[in-house]
Amino acid sequence: MIKIEGLQKSYGEIKAVDGIDLEVHDGEIFGLLGPNGAGKTTTISMISGVLKPDAGRVTIDDADIWLEPKKVKRSLGVVPQEIAVYEDLTARDNLSFWGSLHALRGKNLRGRIDDALGRVGLADRADSLVKTFSGGMKRRLNLCMGLLHRPKFLLLDEPTVGIDPQARLSILEIVREVAGAGTTVLYTTHYMEEAQELCDRIAIIDHGKILTIGTLDELTRQSGEGEVLKLIGSFDEMTATRFLSGVPGVKLLRVMEDTAMVSVRTDGPGLLAVLPSILESDLTIDDVSIQKPSLQSVFISLTGRELRD
Amino acid sequence: MAALRIVLRDLKRLIRNPVRTALLFALPLMLAGIFTLVFGGDGGDGISIRVLVYDEDDGIVSRLLQGVGSAPEMDQKLELVPVGVEGFEMMERGEASALVHLPAGFSKTFLDGEPTTIQLLKNPAERFLPQVVEEGVGIGAEILSEGSRIFRPELETIGKLLDSKVFPADLAVAGIASGVNAKLRGLDKWLFPPVIDLETITITSPDTDAANGGGILAFFLPGLAMMGVLFLAQNATRDILQDRESGLLRHLLTAPVSPGDYLMGKCLSVLVVTVLGFVFLIGIGSLAGVDWGSPLNTAALILAASLGATGTLLLIMSLVGTERQGDALSTIVIMVWCLVGGAFFPLSQMPSFLESVSKSTLVYWAVDGFQKTLQTGAGLAEILPNLLILTGFGMGFLLIGAFVLRRRMAQGVL
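Residue numbers (the working numbering), protein chains in the order written: chain A, 25 to 333; chain B, 271 to 684.
Honestly, the hints are just simulated from the structure, not real lab data.
The structure presented is a predicted model; accordingly, all values stated were derived computationally and were not measured.
Possibly wrong hints are sitting among the right ones.
Straight-line distance between alpha carbons at most 30 angstroms, and here's what the computed DSS-like set of lysine-lysine pairs gives [claimed, not checked]:
| # | chain 1 | residue 1 | chain 2 | residue 2 |
| --- | --- | --- | --- | --- |
| 1 | A | K162 | A | K131 |
| 2 | B | K430 | B | K453 |
| 3 | A | K27 | A | K95 |
| 4 | A | K162 | B | K282 |
| 5 | A | K94 | B | K453 |
| 6 | A | K155 | B | K282 |
| 7 | B | K282 | B | K347 |
| 8 | B | K453 | A | K131 |
| 9 | A | K162 | A | K76 |
| 10 | A | K131 | A | K76 |
| 11 | A | K95 | B | K282 |
| 12 | A | K27 | A | K176 |
| 13 | A | K233 | A | K94 |
| 14 | A | K94 | A | K27 |
| 15 | A | K316 | A | K254 |
Produce the entire structure from the sequences given, and follow the hints as far as they go.
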């Protein structure tokens, strides 16, 4: 289990991580979801022993990362956000070097390299220089380096940033396989769909603080949000805001230009009761769509803004 | 062990980049080649000075002077090119080191005992060679002036004989010979033997006989090799900043590798690369005929100078924020050190105040050590100060640089 207690890190006046408490259970895929600059990478850096926290503690299988770094790091695989590979070496050279740092040698190392390259679909490019790889291939090699020593805990820091959808699906599939084999995964992302599809539990982080933790169902229940109504029409923002704020049983999520979003509260009269009162109002509404509650609505409900903001 | 893995990885990266690696070695070799060609091949032929002679006089004295310049012993050092008035244009184009102009009537005026002038035009684009010509012409003028004073009557007679339309009588020639002989007898005390006898002795021994191979290349290669090794160290230490900027360093530290392991690996890696670089450049010198003298001295100097280069560049890279800053600062330091440290020019050609500045650079101590071994066959004891300074400062810089980098890594700055 990865246990994080009271983790803090500041850069001057800026609190990058502000008192985080987390527990990642064995065998689960845990998502850390938040916008850019929320503190995800700083948290991963402190968990992996690269960055010393100002306060707080990280233990992995009850061993403190800062007191027993080498022991803990042997059980840890990290896939950083940057593509951290040597471009002037071949894929095999990179993995060979990385494996040797994890005390893998000889036949065992060679076998692991072949296995790992096969798993990420790079077996036929094993002896090519990395500088000849596409962005997606480099990402897969990056992932490969984190998996080579078959770690018990895998930390992935936005591993799908900047790649095409196909490569992204491939990486998500590999993460599922690894987790299926018993590896505990901590996965940071700012893509809600990824967190929704992949993670058993999710923590939403913003401004260095954990806003909420739970399964997708728990998060939507906690926020008290039901279905989300997306209204498109001809109205000005002020009128729509004034009217929708006053409708009982709904919560205004946002109004922007000709689109308004409201969520139907689970403790209110329900969708069928609120919908006619909205449609019969003075607002000119051309289109209504009903969406299931999602991380997007949870995030907006918690922060008042969309994740991409 | 992690440190050794880092060393092996860096060596593999050099092998995987043969073009980049070759380019790193190309600069000092290219400069050494150019300097050697410019300053006279292997040093055996020396430097030939091209002098234009515009002889408007075409008299006995001017031809005598040109004859001296064309003597066999001067032939390989001095190229006298007879020119007309176009010689001045040739000088404008910088086609010779100097032009000597002997005006019309020069011989007659000289034989008449009247003051006369030799005009010398120097090429301003050249520094040393025109000075050599000026010195030579000055000495020639001095000899002519003294000769004119001592042999005044005889010269006057010669002048009259040359002016006459008939062939000189035996008695007149005998009179001149007798007069000259009498003067020389009077000067016998000073001339045979001369008052000052300059004897040039080159101290030789089996060691120095061996140590003098290679000529000009041997003179320049130690300094240029040191420059090449400094650039190699720059390239290798730059990796630390590249690793940081690319995120490789952070990734590396997630493995069971401590910051200390990483720094030790990088220092060892830079040291190995610089030693290999030095060995390669020295080897090329040997193939080109440079005899480096005592192998023990050479090995000790290679190690000490490599340590000096490694420490210096590690310290520089520890003080800067980005790779670009590191490149700029280290290039300035390397070039200034090489310029004032004697890598390009002999220290004797520099102003005296620069000599003391020069001694504050590791390039000076490396070049000086190699030159002592090469030129005088110095033993290990004689280059011990060089070795101690190179090793001491190298280690000192290395420790300070590693300490600063370690602290920055702990702060998360690196």
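Here's how the hints hold up against the structure:
Proximity of K162/A to K131/A is assessed by CA-CA distance (about 25 angstroms); at most 30 angstroms being required, the pair is judged to hold. Taking the CA atoms of K430/B and K453/B, the gap is about 20 angstroms. The hint holds against a cut of 30 angstroms. Proposed proximity of K27/A and K95/A is supported: the alpha carbons are some 16 angstroms apart, at most 30 angstroms. Using a Cα cut-off of 30 angstroms, the hinted pair K162/A and K282/B holds, with the two alpha carbons roughly 20 angstroms apart.
Taking the CA atoms of K94/A and K453/B, the gap is about 98 angstroms. The hint is violated against a cut of 30 angstroms. Only pairs whose Cα atoms come within 30 angstroms are accepted, and K155/A paired with K282/B is accepted, the gap being roughly 15 angstroms. Proposed proximity of K282/B and K347/B is contradicted: the alpha carbons are some 50 angstroms apart, above 30 angstroms. Pair hint K453/B plus K131/A does not hold up; C-alpha atoms about 99 angstroms apart against a cutoff of 30 angstroms.
With a CA separation close to 28 angstroms, the supplied pair K162/A and K76/A stays within the 30 angstroms bound. The straight-line distance between the Cα atoms of K131/A and K76/A is roughly 36 angstroms, outside the 30 angstroms bound, and the hint therefore fails. Taking the CA atoms of K95/A and K282/B, the gap is about 28 angstroms. The hint holds against a cut of 30 angstroms. Proximity of K27/A to K176/A is assessed by CA-CA distance (about 14 angstroms); at most 30 angstroms being required, the pair is judged to hold.
The straight-line distance between the Cα atoms of K233/A and K94/A is roughly 28 angstroms, inside the 30 angstroms bound, and the hint therefore holds. With a C-alpha separation of about 18 angstroms, the suggested pairing of K94/A with K27/A holds against the 30 angstroms cut-off. A C-alpha spacing of about 11 angstroms is found between K316/A and K254/A, which places the hinted pair at or below 30 angstroms, so the restraint holds.
Consistency with the previously given hints fails for numbers 5, 7, 8 and 10, ordered from lowest to highest.
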